[in-house]
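Construct the entire structure; sequences and hints are all you get.
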Amino acid sequence: MANLQQNSNNPKASYEYRRKKHAEEMRMQVITFTMMIFFTVIAFAAVGAGFSKWFIIPFVLLLAVVQVIFQLYYFMHMSHKGHEAAQLFMYSGVLVGFITILTFLTIIWW
Amino acid sequence: MSTIAHTQKRGFAGTVWEYLTTVDHKKIAILYLLAGGFFFIVGGIEAMMIRIQLAVPNNDFVSAGLFNEIITMHGTTMIFLAAMPLLFAFMNAVMPLQIGARDVAFPFINALGFWLFFFGGLFLNLSWFLGGAPDAGWTSYASLSLASEGHGIDFYALGLQISGFGTLMGGINFLVTIINMRAPGMTYMRMPLFTWTTFVASALILFAFPPLTVGLFMLIFDRMFGSGFFDVAMGGNTIIWEHFFWIFGHPEVYILVLPAFGIFSEIFPTFSRKRLFGYSSMVFATVLIGFLGFMVWAHHMFTTGLGPIANAIFAVATMAIAVPTGIKIFNWIMTIWGGSIQFTVPMLYAIAFIPSFVMGGVTGVMQAAAPADYQLHDTYFIVAHFHYVIVGGIVLGLIGGAHFYWPLMFGTMLSEKLGKITFVLFLVGFHLTFFIQHFLGLMGMPRRVWTFLPGQGLETGNLISSIGAAFMAVGIIIMLINIVITQKNNVQVGRDPWKDGRTLEWALPSPTPFYNFKQLPLVRGLDPFWIEKMEGKTEMTPAEPIGDIHMPNNSFIPFVISLGLFIAAFGAMYQMDDKAWAIPVLVIGMAVTFGAMLVRSIKDDHGFHIHKEDLLEEDGKGGTR
Ligand code: HEM
Ligand SMILES: [Cu+2]
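Residue numbers (our numbering), protein chains in the order written: chain A, 1 to 110; chain B, 111 to 735.
These are calculated hints, taken from the structure and not from any lab test.
Quick reminder that beta carbons are idealized off the backbone N, C-alpha and C, glycines included.
One or more hints might be untrue.
Estimated spans, in silico, between C-beta atoms of each pair [stated by the list, open to error]:
1) A:Phe55 <-> B:His716: 42 to 48 Å
2) A:Ser14 <-> B:Tyr298: 27 to 33 Å
3) B:Ala701 <-> A:Thr40: 37 to 43 Å
4) B:Ser253 <-> A:His22: 58 to 64 Å
5) B:Val697 <-> A:Glu84: 56 to 62 Å
6) B:Phe394 <-> A:Val68: 41 to 47 Å
7) B:Tyr298 <-> A:Phe51: 45 to 51 Å
8) B:Glu128 <-> A:Gln29: 49 to 55 Å
9) A:Ala46 <-> B:Thr297: 45 to 51 Å
10) A:Ile99 <-> B:Phe394: 53 to 59 Å
11) A:Val47 <-> B:Leu176: 54 to 60 Å
Sample of chain A residues with no beta-carbon within 12 Å of chain B, all distances over it, derived [to be verified]:
12) Lys20
13) Thr40
14) Ser79
15) Ala85
Given below as structure tokens:
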């Protein structure tokens, strides 16, 4: 809802402003898109280069996390105003998931 | 369909059809109240059978196997099918009105949530007639439940899966409603405490039910499709189930108790004629309890051998919850302090709640000390503890809330006299039943035991406990009589029946119009209706001119979607017996569900508008005021 609100009553000014904003955003999207492709290439390369699995698994997971963040913030506009509630709930969910995995890794014996 | 004629008298069949298809949160609330009340009585009958069996030593009122089925169904029914739906009833009836909303965010999903819960509960209870109920306890620990014969556990897993989906949907709907649908001026820090607790409880539902879903799926696969998640012989681990269950299970107890706290936080200010003491610390405590509620689940597993470090961490985290809970207790006491107190029936329940719940909290902290829990675990001490929090907290909240909100939901007032009789019987019965169980536990009586021997000092305690249970039963029966008499007399009490209503729901005419607010109210602070009353007004200041109101159409699809899953569950269950008809039934059920979902997706349903002219005309006639 809140992100639909216009922040100026002057249609001309707000048009100019939004044009600039959009151009900026487009640039960020192109940059992140390139980086995401780059990350994917690195991930494949890391596996291909045959490093130890103790390096590859955490490394690929790390790249994946970064990509998810890019996706959320630059392509799904989570950085914009009006998404605070969604952010709160996503981070809470991540926290709960993390604690679950942490305990499963530490106090369940196999 | 698009006018106010909507609310006119219908025949019996018409009323039934209206309720089968309704998407109105006020009617869904009544459905939850009816279904939850029904399951509460079923669970209560099971409780009475347990207490009859344990009244005297060496009793054989029920067989050992049947006893296991009864305790399992008692716990499962009470938690999933009685306490939660009854709380959902009040959330649906009250929360949207408290925040000044015309409707919930997802009326269709709201209805779907109810029907899923209902069919899940029905499925679970049909186990009684189809070869035996589940018998591994409401916790259904995997080493027991995988070994359980017959279909009892399958009924448990599939039934809870279906009703769990419903609960999850209900929770999401409440969350979005509170985030998006608040009236102008209703900021987060002006929301009534019942709305706040609904919000936090719904967030807990959102995070706690998925672990249960995962655990139940694993159980279903282990039992029906030969996987081995929990099967040690196949390299699995039965402890995984316990973790999943309690990652869900401990938040679940807060899902239940927080809304009850919310109801009490509404009752105390109303009947003390004072605003809630320490509002912001109450909000803070609610959120903190919700957060900590996720960090403590392993206190149910101290004796499984987690090791001293894990036990210590979870013990300290558990004890920490006592702090925000204590904040709340003191705030309630300070709210009553110096107020002009009216001892109405809801207020009696609220006052009785404080000492009762504190006793449950104290035994909770005792159990949180891990070394002590090695002694207390799986004894009647535990049974006493959780009944003190569940009955002393949640059930007192539910009954008190029922008396408090009855005029809002039905327009009539339950008899105060009968209400007080119920209160005394129930409260006395409750303490008689459960107080003595602390000592039975300390003397070594194990939990979930079918019978006991004479000459071990357990006779008197158990007999007293059973007598107390009878008191509670009589109290509930009188309450039912009270309800029947009140509805039969049908004396409408009108707006603000308690005279001291503080929040928006009491500002509405009675019965509440189906569109709730003709004009959205302008909220100018905490307890908005009270603020207006203090300025000599009798109504809320509107925040908008009268205009068209958009309403959703009724729909039969939620019922059909849920029915499909109900049918499919039978197929899924009996296919493990190699019954030829099982797979077709599974397919047909799924087809019904997905077909109904498809219809819902394809068919455009834009709802209807109540026109400004109709609203004005109704005003002219004097309306229902
Ligand atoms: C507020 C509402 C609460 C509810 C509805 C509730 C409910 C329950 C239930 C159902 C059990 C039984 C677990 C089993 O199957 O063995 C239990 C056990 C336990 N509760 Fe609570 N509880 C509540 C509050 C608390 C508090 C405030 C504490 C501590 C500060 C606490 C600490 C414990 C502990 C440590 C156990 C485990 C005992 C054992 O299994 O040996 N509970 N509770
Ligand atoms: Cu717990």
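Exercise for the section: Identify every previously stated hint that the structure contradicts and give their numbers, smallest first. Expected result: Going through the list in order, the structure violates hints 1, 5, 6, 10, 15 and respects the others.
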